[in-house]
Amino acid sequence: MIIVKALKTVFIGLAIFALHGLLLWHLIQQAPAKTPLPIPKPIMVNLITPPPPVKTPPPVQTVKPAPKKPILKKPVKKVKKVKRVKRVKKVKKIVKKRKKWVKKSKTKTRRVKPKTKSVKRQTVSHSIPVAQTLPMPTTRQTAIAQPVAKPIRTAHSSQGGQGNSRRAGRQLKVATTPPSYKAAYLHNPPPAYPRISKRRGEEGKVLLRVKVNQQGRAALVKLHQSSGSTRLDNAARKAVNRWRFVPAKKAGKTVSGWVIVPVVFKLR
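Numbering (my numbering), first residue to last: 9 to 276.
One thing to keep in mind: the hints can contain errors.
Straight line, CA to CA, 27 Å or less: simulated DSSO-like cross-link-like pairs of lysine-lysine [stated by the list, open to error]:
(1) LYS261 x LYS190
(2) LYS230 x LYS261
(3) LYS230 x LYS246
(4) LYS206 x LYS258
(5) LYS206 x LYS274
(6) LYS49 x LYS85
(7) LYS230 x LYS257
(8) LYS190 x LYS246
(9) LYS230 x LYS258
(10) LYS190 x LYS230
(11) LYS219 x LYS190
(12) LYS274 x LYS213
Please keep in mind that the hints were generated in silico from the structure rather than gathered at the bench.
Could you put together the complete structure from these sequences and hints?
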């Protein structure tokens, strides 16, 4: 029974396959015959250039001739003949008159001066000594100090006649030496030149009145004479305030004293 069923399924499958094959063969025969496609002909293309534009000539402008300027004749100046006239110089005779010299009698008159006894008076002169700054080697711009006056020694004396002279002889003459800053071992640097003063070309001389104490330091610095520029005055005052001095001496003892320090600012 099983074999019979298997054979039936085989026959049924073969029959279906055969029907499909018949249908395909029938469809192939009914399909229209293929017609050959026509070969396309090539298309020829030619580039046609447009004709050049015809240039129209510009209209001819008629140039009018410029009017001729009339030629002006220069007037001829008539030259007059000048007759030369000779001048005759008249010579005048100069008669020199002789002057008669009259001798004047000279009379000398002598004046009699009354004899008076001259009394010699001794005066005491007090002057402020001024010292000189040492020039220090610097670059282009340096501050140089110049002397103003030389120190003068003072002596105590009395005024009067013979009695006063006796008293003056009894008194001892005490010499005082003013403060100084010229010593080489002090090494006082010159004041710095302000930059603004350099640019503006400011120059000048400053006189400072310095009070030197017993230790040789500047206790007080005053402006004695200005240079005309506050910048230069301040620069000189700052520098001198740091300087060292040789203190004044009186009878062999160090004392405080005043000295004038000149400082010159000059551009080289």
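Legend entry - Contradicted hints - numbers only: Going through the list in order, the structure violates hints 4, 6 and respects the others.
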